[in-house]
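Novice: Can you build the whole structure from these sequences, using the hints too?
2 protein chains.
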Amino acid sequence: MLKDLKEVYESYNELFDQDITLQGWIRNHRKQKEIGFIDFNDGTCFKGVQLVYDNSLKDFEDISKLHIGSAITVVGTLIKSLREDQAFEIKVKSITLEGDCPEDYPIQPKRHTREFLREVAHLRPHTNLFGAIFRVRSVAAMAIHEYFQSHGYVYVHTPLITTTDCEGSDQMFKITTLNMNNLPILDNKVDMSKDLFGKKAYVTGTGQLHGEAYAMAYKKIYTFGPTFRTENSNTKTHANEFWMIEPEIAFCDINKLMDIEEEMLKFIVNYVLEKCPNELEFFDKFVENGLIEKLTKLVNSKFVRITHHDVVDILNKVDINWEFEPSYESDIAKEHEHYITKYFNGPVFITDWPKDIKAWYMKVNDDLKTVAAVDLEVPGAGELMGGSQREENYDKLLERINELGVDKEPIDWFCNLRKFGGCIHSGFGMGFERLLIYLTGVENIRDVIPFPRTPKNCDF
Amino acid sequence: MLKDLKEVYESYNELFDQDITLQGWIRNHRKQKEIGFIDFNDGTCFKGVQLVYDNSLKDFEDISKLHIGSAITVVGTLIKSLREDQAFEIKVKSITLEGDCPEDYPIQPKRHTREFLREVAHLRPHTNLFGAIFRVRSVAAMAIHEYFQSHGYVYVHTPLITTTDCEGSDQMFKITTLNMNNLPILDNKVDMSKDLFGKKAYVTGTGQLHGEAYAMAYKKIYTFGPTFRTENSNTKTHANEFWMIEPEIAFCDINKLMDIEEEMLKFIVNYVLEKCPNELEFFDKFVENGLIEKLTKLVNSKFVRITHHDVVDILNKVDINWEFEPSYESDIAKEHEHYITKYFNGPVFITDWPKDIKAWYMKVNDDLKTVAAVDLEVPGAGELMGGSQREENYDKLLERINELGVDKEPIDWFCNLRKFGGCIHSGFGMGFERLLIYLTGVENIRDVIPFPRTPKNCDF
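These protein sequence lines map, in sequence, to chains C and W. Residues 0 to 459, numbered by the working numbering, are exactly what the first sequence covers, in order. Residues 0 to 459, numbered by the working numbering, are exactly what the second sequence covers, in order.
No wet-lab data here; the hints were simulated from the structure. This structure is a prediction, so every number in the text was calculated from the model and none was measured. Wrong hints could be hidden among the right ones.
A pair counts as met if it fits within one copy or between any two copies, since identical chains are not told apart.
As the list claims (entries may be wrong) - Calculated cross-link-like contacts (lysine-lysine; reagent style DSSO-like; alpha-carbon spacing at most 27 Å): (1) K173 - K199; (2) K198 - K188; (3) K199 - K455; (4) K30 - K265; (5) K193 - K455; (6) K64 - K333; (7) K32 - K235; (8) K173 - K265; (9) K2 - K57; (10) K92 - K255.
Specialist: Shown next, in the form of structure tokens:
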């Protein structure tokens, strides 16, 4: 009976004294004279299982020579374990070596630094830590799809290649099929009309504009895909390639938007708490003490809603020497985010930001000074989502575009959405890795992306 | 009671004679002297609903002037319809205009050509056809996630930015942050060490190599993300950006792989048949007659499995003047694919292809002439999936790499997976748009991608 270990854990009570076949890898191997123990894991769940073999097997000698890291097929009987920390173990009848592993295998059963493991990114999911991180990544991705699909949203694959340059091309990768060592020149400039699309093209940093178009057809849409930034920045939170979720909702103002953000986040956290208890326990124990309590508390809390203005008031009243002085006209700094989430002891929606520090497509409030933007700050991870009500009035949108010197030609189609049955609408973006940092307690974005891309670092 | 139309359709029997509020768009508007009819749709389901208003309303005149395409909020009573083709309609109490639409709105309630609608890609989901196509796209994407997640696969976000060039860089977009009008030069060549990653980088055409690494940790993984090709090709089936699904399974040979492909495809088709009956009925009526029968038949059929050699035998025996002569050493042409699926009257797995026309990482069979590759051909859409057992033997893999002149250095890590507990494994790729063409009957890839990118065409 060939089984995944996950299936065995789901029904081991019915399998006692039965023979099963498992295929997976040796995580650890302890041999004694007449008996041996193999920590076996097939990757289908966090927990492994202990294989026990003894010298009554004719292959005892061969089995006892198996290396850590090797791929094996094991046939054995599922029996009650004498150890208290495991519900069952496998009494081996036979083991077939499917793929050997040399003794200099980099993943040894000991503690490796995360820095070292980044250098073997192709092997690090074999460890407990990274095995757990990337399973949570998969489960959290599914949680996002389940939330939106079950709430009637349409999943839209917005394009990554774009000729729209509204974020400023210095923030976007240029893509080309031209031979860079032999570029076609016209009037002393590269003749981009010779490129595949007949003009300059980029890989995009957002699907929002295209998402808005689809929200005007389906009412509720979401995107979930890779995104690119060229920032030459080597911090714990920056990567040049990451995944984003960008929902966009018609007939939705900023208050309803906050309801959606809160409901969605609680759904995801609940989903991961339910589906990944072993992984979260591991993180709680070895990565962030109190993680499960933090997540459980979030699910049961009501998120605070406060304006940027009132946040600055709070920051100004407190007796702290801020590195960055809080101001009604400015962004709030990391230190402020940190203080505010501690102050309210939970997630905080900060609304109504000064318009000069926010994007051109956001709805200007009646005070003409602020925009209907909202950032969600969560304890420990800072800004988790950023959203806004969008400017639905064509003339006002154009005014902002002109004010900020945005190139209108490539976004003409986008502006015109306001003319054809455009309506009040709102949307937000959530960086998927930011969410994972929050869910796992792992601090560095390089450790929640399977093969991270950062400046000077594009190995594998 | 504010409702999505989808919710109303799910429970209209309990809502008769109750007042509800809907928000959406006017698809059509017929006015008579004392009464008016609005075809209303909010995009949450394929079907719209008829709004009926009469001159007992004090706003009768204003309402009768509402334009097609406008966004409205309607309050009305849900009543039994006199028309046989609708279960209910809404007797209007009030309508609020949320966003006007001019009379030159491009999407009029008449038949538009698909070519024209491509030119208004931001508006085409407002039509019945494209509204249905992109809802099916969303539902089919969810079907894929549900299949793999419920079968214990881990979803892996493989990187799009890569420095690995194993498909040949002429097929891949180069990406750069350098100023193309002022490139740094060293020894008469562009000095790519000055670029963000310190070397040449591309956006990738596959996640397979990275997927294999993760299959060696989780046993069963899948990718689902965008993919890029630079082909300068203007056909119905080519786009420069599309989405792919690439599962990879450890301890899996080519026969088990075919089992998985067959089970997955049937799951997806069933899921869409169940969740999108109205959309499929529409396609069946207006796009491909017999579509639902085709899909139902697929779900209930057993897919044929036949070698490439035996396919060529069949093609040679039949009395047809082939444009391309069938040969044991060559690929099979579109005309052959078409014949074979008609011959077997259903989906066909073609296995054991001549090694010279297949990729370097595929397992060479004992005959040393063929590889353990498999293409799935489906009636009407041709090749839907392509997969293979992978070469798990390090030495044999290296032999193929040398034979084919593949640059080994950047894929060293990949080859080394064979050393560290590598095992028999297999995987396949499915083009998501190819699947959608099969599911909808729509023939042109430009019509199943929200904002398609093809040569000289990157508008929006």
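Novice: Determine for every hint whether it applies to the structure shown.
Specialist: Each hint tested on the structure:
Taking the closest pair of Cα atoms, K173 and K199 come within 27 Å of each other both inside a single copy (7 Å) and across two copies (13 Å). With identical chains, the CA atoms of K198 and K188 are at most 27 Å apart both within one copy (13 Å) and between copies (24 Å). Taking identical chains as interchangeable, the C-alpha atoms of K199 and K455 lie at most 27 Å apart whether they share a chain (24 Å) or sit on different chains (11 Å). In this homomeric assembly, K30 and K265 never come within 27 Å of each other (Cα to Cα): the closest approach is 47 Å inside a single copy and 47 Å across copies.
Proximity of K193 to K455 under the C-alpha cut-off of 27 Å is restricted to the inter-copy arrangement: shortest distance 9 Å between copies versus 30 Å within a copy. In this assembly of identical chains, K64 and K333 lie within 27 Å of each other by CA distance neither inside one copy nor across copies; the values are 53 Å within and 53 Å between. Within a single copy, K32 and K235 get their C-alpha atoms no closer than 48 Å, and across copies no closer than 68 Å, so neither meets the 27 Å cut-off. With identical chains, the CA atoms of K173 and K265 are never at most 27 Å apart, being 37 Å at best within one copy and 40 Å at best between copies.
Within a single copy, K2 and K57 get their C-alpha atoms as close as 25 Å, which meets the 27 Å cut-off; across copies the closest is 70 Å, which misses it. Only between protomers do K92 and K255 lie at most 27 Å apart by alpha-carbon distance; the minimum there is 25 Å, versus 61 Å within a single protomer.
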